[in-house]
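A.B. asks: These protein sequence lines are chains A and B, in that order. Positions 1 to 371 (UniProt numbering) are the ones given, in order, by the first sequence. Positions 1 to 371 (UniProt numbering) are the ones given, in order, by the second sequence.
Keep in mind that the hints are not guaranteed to be accurate.
In this list, chains with the same sequence are indistinguishable; a pair is considered to hold if it fits within one copy or across any two.
Quick list of in silico lysine to aspartate or glutamate cross-link-like pairs, DMTMM-like style, CA-CA up to 25 Å [what the hints assert, rightly or not]:
| no. | residue 1 | residue 2 |
| --- | --- | --- |
| 1 | Lys188 | Asp294 |
| 2 | Lys188 | Asp293 |
| 3 | Lys188 | Glu311 |
| 4 | Lys325 | Glu164 |
| 5 | Lys188 | Glu201 |
| 6 | Lys188 | Asp167 |
| 7 | Lys47 | Glu70 |
| 8 | Lys47 | Asp32 |
| 9 | Lys188 | Asp317 |
| 10 | Lys47 | Glu35 |
| 11 | Lys50 | Asp258 |
| 12 | Lys354 | Glu105 |
| 13 | Lys207 | Glu164 |
| 14 | Lys207 | Asp119 |
| 15 | Lys140 | Asp94 |
| 16 | Lys142 | Asp119 |
Since the hints were made in silico from the structure, they are not lab data. Quick caveat, the model's predicted, so the values are computed rather than measured.
2 protein chains.
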Amino acid sequence: MDKKLHKLAPNTSLVGSFITQLSTPLPVIDEDRLENNITRVQSYMDKIGKAFRPHIKTHKIPAIATRQAEAGAQGLNCQKISEADVFADAGFQDILITFSILGPEKLEELAVLNGRIDDLKVVADSATTVSGLSGMFGGKDKALKVLVECDTGGGRCGVQSAAEAFDLACLISGSDGLTFGGLLTYPKTDGELETEAFLSEAIGLLKARGITCGIVSNGGTPSLFNAHLVPSATEHRAGTYVYNDRAMARAGHCSLDDCAMEILATVVSRPTQTRAVIDAGSKALTSDLLGFDDFGYVVNHPEAVITGLSEEHGVLDLSKCDPDKRPQVGDRIRIIPNHTCVVSNLVDQMVFHKGGVITRVEPVAARGYVW
Amino acid sequence: MDKKLHKLAPNTSLVGSFITQLSTPLPVIDEDRLENNITRVQSYMDKIGKAFRPHIKTHKIPAIATRQAEAGAQGLNCQKISEADVFADAGFQDILITFSILGPEKLEELAVLNGRIDDLKVVADSATTVSGLSGMFGGKDKALKVLVECDTGGGRCGVQSAAEAFDLACLISGSDGLTFGGLLTYPKTDGELETEAFLSEAIGLLKARGITCGIVSNGGTPSLFNAHLVPSATEHRAGTYVYNDRAMARAGHCSLDDCAMEILATVVSRPTQTRAVIDAGSKALTSDLLGFDDFGYVVNHPEAVITGLSEEHGVLDLSKCDPDKRPQVGDRIRIIPNHTCVVSNLVDQMVFHKGGVITRVEPVAARGYVW
Numbered sequence: 001m002d003k004k005l006h007k008l009a010p011n012t013s014l015v016g017s018f019i020t021q022l023s024t025p026l027p028v029i030d031e032d033r034l035e036n037n038i039t040r041v042q043s044y045m046d047k048i049g050k051a052f053r054p055h056i057k058t059h060k061i062p063a064i065a066t067r068q069a070e071a072g073a074q075g076l077n078c079q080k081i082s083e084a085d086v087f088a089d090a091g092f093q094d095i096l097i098t099f100s101i102l103g104p105e106k107l108e109e110l111a112v113l114n115g116r117i118d119d120l121k122v123v124a125d126s127a128t129t130v131s132g133l134s135g136m137f138g139g140k141d142k143a144l145k146v147l148v149e150c151d152t153g154g155g156r157c158g159v160q161s162a163a164e165a166f167d168l169a170c171l172i173s174g175s176d177g178l179t180f181g182g183l184l185t186y187p188k189t190d191g192e193l194e195t196e197a198f199l200s201e202a203i204g205l206l207k208a209r210g211i212t213c214g215i216v217s218n219g220g221t222p223s224l225f226n227a228h229l230v231p232s233a234t235e236h237r238a239g240t241y242v243y244n245d246r247a248m249a250r251a252g253h254c255s256l257d258d259c260a261m262e263i264l265a266t267v268v269s270r271p272t273q274t275r276a277v278i279d280a281g282s283k284a285l286t287s288d289l290l291g292f293d294d295f296g297y298v299v300n301h302p303e304a305v306i307t308g309l310s311e312e313h314g315v316l317d318l319s320k321c322d323p324d325k326r327p328q329v330g331d332r333i334r335i336i337p338n339h340t341c342v343v344s345n346l347v348d349q350m351v352f353h354k355g356g357v358i359t360r361v362e363p364v365a366a367r368g369y370v371w
Numbered sequence: 001m002d003k004k005l006h007k008l009a010p011n012t013s014l015v016g017s018f019i020t021q022l023s024t025p026l027p028v029i030d031e032d033r034l035e036n037n038i039t040r041v042q043s044y045m046d047k048i049g050k051a052f053r054p055h056i057k058t059h060k061i062p063a064i065a066t067r068q069a070e071a072g073a074q075g076l077n078c079q080k081i082s083e084a085d086v087f088a089d090a091g092f093q094d095i096l097i098t099f100s101i102l103g104p105e106k107l108e109e110l111a112v113l114n115g116r117i118d119d120l121k122v123v124a125d126s127a128t129t130v131s132g133l134s135g136m137f138g139g140k141d142k143a144l145k146v147l148v149e150c151d152t153g154g155g156r157c158g159v160q161s162a163a164e165a166f167d168l169a170c171l172i173s174g175s176d177g178l179t180f181g182g183l184l185t186y187p188k189t190d191g192e193l194e195t196e197a198f199l200s201e202a203i204g205l206l207k208a209r210g211i212t213c214g215i216v217s218n219g220g221t222p223s224l225f226n227a228h229l230v231p232s233a234t235e236h237r238a239g240t241y242v243y244n245d246r247a248m249a250r251a252g253h254c255s256l257d258d259c260a261m262e263i264l265a266t267v268v269s270r271p272t273q274t275r276a277v278i279d280a281g282s283k284a285l286t287s288d289l290l291g292f293d294d295f296g297y298v299v300n301h302p303e304a305v306i307t308g309l310s311e312e313h314g315v316l317d318l319s320k321c322d323p324d325k326r327p328q329v330g331d332r333i334r335i336i337p338n339h340t341c342v343v344s345n346l347v348d349q350m351v352f353h354k355g356g357v358i359t360r361v362e363p364v365a366a367r368g369y370v371w
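With the sequences and hints as input, model every part of the structure.
C.D. replies: Put into structure tokens, the structure is as follows:
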């Protein structure tokens, strides 16, 4: 543990010290912003009467999922079997894996997982995936719940029409070892009307055949506060909201002051009047642009632009900064990442703080698994 | 170990089985291409009479560095103290950290490291960095070797002129606890003439003052085979050459057949005639574009274009593929990444194979350290 984060002392000894005492590059999480993000979204979901299912991909930390559950969340969303496995170890009993599981090795793991938690659910959008699931779960004591993934405009996975959703739901219902669990979509941002139209049509077709949808699961953080515009959905899934990032602020979901994650970096070089180089590169910030032209928002030097990243260096253009206030070699830089979820995936531990004082260091427990 | 890669058996049991039996997404390394990359570059460096110093950032695996040394490499290049620490543990005695080390915690670690290996070297491009190093090493039994980092056109770190290099070299020579080790540059691709001009001018200024450069270190993989055009350089550093990637093939350093790393993925969805979705996203491939418009080269479906990545999904446009040969749900995809070094940084272990048969699974030993 000690070497992973801090080379001189065990991490437990960090609690109570200041984040400014730690070497960089280092992502840190503001506890107050984290708590506020959790309660703000949960209160909205409570108000509109939808179940809220947090996606753990953003933090991969059981202690945070526990807090999300205490706040009122119902169940968890995972993207990988290994993630579900880690959170099952932590005692979570209602897990939805929003991924089409294929291949003997993954199916076998899925069967083990279905045996050890109360309520496991997966998705499928093809007959191939359904037949693989049925091949594994057919004849087993406990059936596997399968939701039909629908492409309501997101352009990723999912059946393309309500009619296709109906057909696949019938196939699942008729497949040995499987139970039809409902419908799921990963919608496009601000696509609430298309999503509602698709889902309500599919629900109608199924109802006419006497098939009910246990769950109708909508998702996404960017336009999360429009979830009430999708009345057919019984639940909403979101991950990024818990930390928030520059892309979520741009989308209008939050302000930059709601971003709980910052990456702390240090200026290691000032080769010219307008160039600074920091010790955070693509191995600390990731190269995710998400439509931005630069690689993060510099909180304490907003006019500075992170124009390029190499693996362990970030190059900043300071030409828009006040010449008298440009950061010097040794100065600290605070960066809100474009995309917080991929930063979590780079580090084995995450440092939390309250007003700059370290409160805890959590292992990013579900990181590092290939699948 | 077992859960990190394979959920059903310890990794040692993988040796001898086929990579096609492993679940995806999974990066794998072709042993023959790896060996060929190592010997091809080492032979060239031997032929032009330059010392070759491999950068371990690309693989972070001591066993590969050992092979690079057996082939004739002299010393190692690391980018982080933690990397140097891991390779010092593995017995390497000549390590150059090409980074300006700042801050009490890192300086203390650097002092420990300087005590435990024969020949540690770091770089500096500012008086601030030099004074921090001198503050830590002044009065110690063993001085620290410091090279002056020069910006010969790369536009990252480094002093901007031969005159600045001369001044900083004099400062280092006169600093308690430090020895001037020479000059270093991370040059721009195909910038050999500018690099030679800068270095030879700086060497001349220093020689006139009776200061000799122990090492003059040039670097980079893209135009590595032009290293002979920089006669002033005594050594060359490179990392990416060992695996190679799509960007190195585009740069003309190698062909796609020299790329030792492939990411294996599986088609999990075929929502439309022209869209496939695979189980490799930005958490498996990274978002590094390096000037490309898409996220990797699909070896077994070259007409397929990886147009977008979410965290665990990659979206492929199949419209240019023969309609009769488009990959179906469950089919395997082989991807050469745009940038191999950042992929190594995502996984805790790396699978090696010869002709598809697994030869070993190496821990990516220097991964996961913050600094």
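A.B. asks: Determine for every hint whether it applies to the structure shown.
C.D. replies: A quick look at each hint next to the structure:
In this assembly of identical chains, the alpha carbons of Lys188 and Asp294 lie at most 25 Å apart whether taken from the same copy (23 Å) or from different copies (21 Å). When the C-alpha separation of Lys188 and Asp293 is checked against a cutoff of 25 Å, the pair qualifies both within a copy, at 22 Å, and between copies, at 22 Å. In this assembly of identical chains, Lys188 and Glu311 lie within 25 Å of each other by CA distance solely across copies; the values are 15 Å between and 32 Å within a copy. Taking the shortest alpha-carbon separations for Lys325 and Glu164, only the inter-copy value of 24 Å comes in at or below 25 Å, while the best intra-copy value is 60 Å.
In this assembly of identical chains, Lys188 and Glu201 lie within 25 Å of each other by CA distance solely inside one copy; the values are 18 Å within and 58 Å between copies. For the homomeric pair Lys188 and Asp167, the shortest alpha-carbon distance inside one copy (23 Å) is at most 25 Å, but the shortest distance between copies (57 Å) is not. In this homomeric assembly, Lys47 and Glu70 come within 25 Å of each other (Cα to Cα) only inside a single copy, at 17 Å, whereas the closest approach across copies is 67 Å. Only within a single protomer do Lys47 and Asp32 lie at most 25 Å apart by alpha-carbon distance; the minimum there is 22 Å, versus 61 Å between protomers.
Taking the closest pair of Cα atoms, Lys188 and Asp317 come within 25 Å of each other only across two copies (18 Å); inside a single copy the shortest separation is 34 Å, beyond that limit. In the homo-oligomer, the alpha carbons of Lys47 and Glu35 lie at most 25 Å apart inside one protomer (18 Å), although the nearest pairing across protomers, at 62 Å, exceeds that limit. In this assembly of identical chains, Lys50 and Asp258 lie within 25 Å of each other by CA distance solely inside one copy; the values are 23 Å within and 53 Å between copies. In this homomeric assembly, Lys354 and Glu105 come within 25 Å of each other (Cα to Cα) only across copies, at 22 Å, whereas the closest approach inside a single copy is 43 Å.
When the C-alpha separation of Lys207 and Glu164 is checked against a cutoff of 25 Å, the pair qualifies only within one copy, where the shortest distance is 15 Å, while the shortest distance between copies is 78 Å. Proximity of Lys207 and Asp119 under a CA criterion of 25 Å is satisfied intra-copy only: 24 Å inside one chain copy versus 75 Å between copies. When the C-alpha separation of Lys140 and Asp94 is checked against a cutoff of 25 Å, the pair qualifies only within one copy, where the shortest distance is 20 Å, while the shortest distance between copies is 59 Å. When the C-alpha separation of Lys142 and Asp119 is checked against a cutoff of 25 Å, the pair qualifies only within one copy, where the shortest distance is 10 Å, while the shortest distance between copies is 62 Å.
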